[in-house]
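A.B. asks: Sequence:
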Amino acid sequence: TSLQAETHPYRNVILRSIGSQPAVKVDVFSQRVAPHDSLVLCSDGLTRRVADHEIADVVSSLPLAQAVRRLVDMANERGGEDNISVMAVRITDRRFTESASVESCGPCNARWEDV
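Be aware that the sequence shown starts at -10, since it is given in the numbering used here, and climbs by one per residue.
These are computed hints drawn from the structure, not numbers from a lab. One or more of the hints may lead you astray.
DEER-style ranges, computed between Cβ atoms [what the hints assert, rightly or not]:
1. T(-10) - Q10: 38 to 44 Å
2. Q10 - G68: 31 to 37 Å
3. P(-2) - N72: 37 to 43 Å
4. V15 - D62: 25 to 31 Å
5. P(-2) - E70: 27 to 33 Å
As the structure is a computational prediction, the values presented were derived from the model and not from experiment. We treat Cβ as the ideally placed atom computed from N, Cα and C, and that holds for glycine.
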């Protein structure tokens, strides 16, 4: 359960990471999405401080760049001492025929070669 995961003595153990091995097994699943759905990928630094319903409220009520920044701020305001990483995308009703641009709320200087 989520309560067991939050209190487990090994909750901070990293079982998989990018860059530590030549290949890494990732969890993959399928989910139907519809126009206007939003997807959030985040670290436990966010989910330990901000409840799921709060994340949903923020993402559904703000432009995504603002929502991501707000979520990080909320986690920090609540004592966020861990890495707080958040990425969000919103499904549009347009077909993916144009290239998309990505907005970042902060600098990202890491390159795959550096990992």
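A.B. asks: Taking the hints in turn, state whether each one holds.
C.D. replies: We went through each hint and held it up to the structure:
1. T(-10) - Q10: 38 to 44 Å: Given range 38 to 44 Å: violated, Cβ gap about 30 Å.
2. Q10 - G68: 31 to 37 Å: Holds, at about 33 Å.
3. P(-2) - N72: 37 to 43 Å: 20 Å, violated
4. V15 - D62: 25 to 31 Å: 29 Å, holds
5. P(-2) - E70: 27 to 33 Å: Since the Cβ atoms of P(-2) and E70 sit about 18 Å apart, the hinted range of 27 to 33 Å is violated.
Checked against the numbered hints given earlier, this structure breaks hints 1, 3, 5; the rest are met.
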